[in-house]
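Whole structure, please, built from the sequences with the hints as guidance.
Residue numbers (this note's numbering), protein chains in the order written: chain V, 1 to 227; chain E, 1 to 232; chain P, 1 to 228.
Everything labelled a hint here was simulated from the structure, so no lab data went into it. One thing to keep in mind: the hints can contain errors.
Label-pair restraints from in silico Cβ distances [said to hold, decoys possible]: (1) E/Ser181 x V/Ile176: 32 to 42 Å; (2) V/Glu170 x P/Pro113: 52 to 62 Å; (3) P/Thr71 x V/Ser45: 48 to 58 Å; (4) V/Asp115 x P/Asp156: 50 to 60 Å.
Everything numeric in this text was worked out from a predicted model, so none of it was measured. Note that CB positions come from ideal geometry on N, CA and C, so glycine has one too.
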Amino acid sequence: MPQYSIYGAPEFAMLNVDLQPGEKIVAESGAMVAMTENMQIKTSSRGGVLKGLKRKLLGGESFFQNTYWPEGAPGRIHFAAGAPGDIIQATLQPGETMMMMSTAFICSSESVQLDTKWGGAKGFFSGVGLFLLKATGPGDVFMSAYGAVHPVRVDGTYIVDTGHIVAFPETVQYHIRKVGGIKSLFFSGEGIVAEFTGQGTVWLQTRNPNGLAEFLHPFRKVERHNN
Amino acid sequence: MQHQILYKPSYAMAIVTLQPGESIDVEAGSMVAMTHGMKIKTMFNGNASGFFGKIWNFFVALSRKIFGGETMMINRYSPPEGQVGQVYVAPALTGDIIQHKVQPGRDIIIQSSSYLASVGNVKIKLKWGGLRSLFGGEGLVLLRATGEGELWVNSYGAIYEIDVNGSYIVDTGHIVAFENSLNYKIKRVGGWKSTFFSGEGLVCRFEGQGKLWIQTRNLGQLVHWLTPMLPS
Amino acid sequence: MDIKIEYRPSYGLAICQLQPGESLKAESGAMVSMSTHLRMETSMTQGKGVKGLLKGLARKMFMGESFFLNTFYADQAPGEVTFAPRLPGDVEQTMLNNESLVIQGTSYMASAPSVEINTKWGGFKTLFGGEGLFMIEAKGTGPVIFNAFGAIHTLDLNGPFIVDTGHIVAFQPSLNFKIRRVGSWFSTFFSGEGLVCEFNGQGRLWIQSRNPKEFGSYVGEMLPPRRN
Chain V
1 MPQYSIYGAP EFAMLNVDLQ PGEKIVAESG AMVAMTENMQ IKTSSRGGVL
51 KGLKRKLLGG ESFFQNTYWP EGAPGRIHFA AGAPGDIIQA TLQPGETMMM
101 MSTAFICSSE SVQLDTKWGG AKGFFSGVGL FLLKATGPGD VFMSAYGAVH
151 PVRVDGTYIV DTGHIVAFPE TVQYHIRKVG GIKSLFFSGE GIVAEFTGQG
201 TVWLQTRNPN GLAEFLHPFR KVERHNN
Chain E
1 MQHQILYKPS YAMAIVTLQP GESIDVEAGS MVAMTHGMKI KTMFNGNASG
51 FFGKIWNFFV ALSRKIFGGE TMMINRYSPP EGQVGQVYVA PALTGDIIQH
101 KVQPGRDIII QSSSYLASVG NVKIKLKWGG LRSLFGGEGL VLLRATGEGE
151 LWVNSYGAIY EIDVNGSYIV DTGHIVAFEN SLNYKIKRVG GWKSTFFSGE
201 GLVCRFEGQG KLWIQTRNLG QLVHWLTPML PS
Chain P
1 MDIKIEYRPS YGLAICQLQP GESLKAESGA MVSMSTHLRM ETSMTQGKGV
51 KGLLKGLARK MFMGESFFLN TFYADQAPGE VTFAPRLPGD VEQTMLNNES
101 LVIQGTSYMA SAPSVEINTK WGGFKTLFGG EGLFMIEAKG TGPVIFNAFG
151 AIHTLDLNGP FIVDTGHIVA FQPSLNFKIR RVGSWFSTFF SGEGLVCEFN
201 GQGRLWIQSR NPKEFGSYVG EMLPPRRN
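So this is what it looks like as structure tokens:
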């Protein structure tokens, strides 16, 4: 059984994974921080070629994922996400599913099935190329949060700003809406919210990537137009 | 000189108290606060002196800026005549600060953007890693700290110490610093397909015995993560 | 009203429980989650008519933030609303007791309606602050929630002290402040420090251990260019 430990939580969490020969782990492209020399890597495209192509055209999330395994002796590999924050570990039972933001996925055991579920049509995202990733057990899934992890036990209904959602189980349903009236729609700065109904734990992150993007936007260089 | 580092590991800030006659060199832009009356001298990064030295310093600083993500300037703070002074220092990115004693014969190699401050007789030199480091992909520019004194190094993310005894592979964007006793080599990860598509690009292979400090976040990955959410 | 701050000091989250009839004013965009039945209304920052509008506009122009505040009301039943700032960092609450607190514009997060929020235009001092050093004055009695980029460091001043303008979070109005150059003209342009704030007098000062502008420039340069 792979051994997992999390270092640097909750600020800049990094996942340490110890693998025995024969054990594998599937990770998001770019997530590897360091590893023992005997770790092998295989890069492959995510399931669903057509879906993959659509994603590639839209940009954002990568088309590829990496499978790592140790050769000849036990190996150690460290993973971290791009965003500053904590790591959530979810151990899924056979058939149990977890929906997560595509950008939150770090790695999972080989036995976890990963499917892309297009979230754009449902108005979930304001960014291009973002989608919902569906993970089905058995196995462990590790997700990154931008900020600290704040679990909310939903039993009835609860409203969450979509930028703060990391993951949620299939036992809750969501409905996208705007908060407040028309005036609020334009001026509240609250953006899109999700109203969750049902029973289950929704995983929130205490920072919103859109907020960071908005903050950094004026600091970007302006594109030069060449004619 | 006394110092303390507060708010580890994410928003670390160093508070350095200087006695009369002492001074501290600080990466430009890193001053948070200071006691009244401190003298400040702004210099280009680099250590040579004389006319040609100044030209050389300029180019060293310029190359660091282009490849290292670091500014070209260093500020030297010293307290007013006969008085004690205090400087509060913090880097631009969120993360940790560690202090290291630099001793003769035990150089520390630092990733350029990790240099924060130094006190005493510490010389910071640009370590030419050859073309390999230029193509490190993440602008892996390394500095060598030699001499005797104190060195403050910052990280983006938390700092994780690895005691290398044999070999270890690290993504170049995650290197903070390492002891000079380690050999390092930039190489591809996996096969060609992996090099282009794995998102890992080039990695650094460390060999030998010594301490290696890595950071748990990578600026390149932050950019990659944030880009889809940026307005055009 | 019960305000709890969790996940300090790195990713502070303010969790507010409102009793029926209570309300809370907050910076637009700060809401993370809330009970479904709470009512939210958007209004402009305090000030009536044209004067109020101008104050609001000034706030928008100089803080880079929108000039609207949201008020959350718990009408019939108690409810919960949580807030977070845009950048990683600490969140702190303080109780004002018929007093004032000057808060750096981007650090203000939320306050009870019994606290009057006014945009404080510091005149020429702030104009040459160069870093959009726009202040909010919170006056009255009640809780005020503010955030920092980085950790919050509290100093009780008794005499002169110099702070890089980007690191100021809040201070008691008993302190005087003066914006000035950090050293020689050469240093001012090249030191990376620019203008600093010299405080004098007695009072409490809150500073943050990271500078949003420094962070913004550093990372912003590495992001893909924008179209306008």
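Next item on the list: Taking the numbered hints from earlier one at a time, note which ones the structure violates and give those numbers from smallest to largest.
Entry: 1, 2
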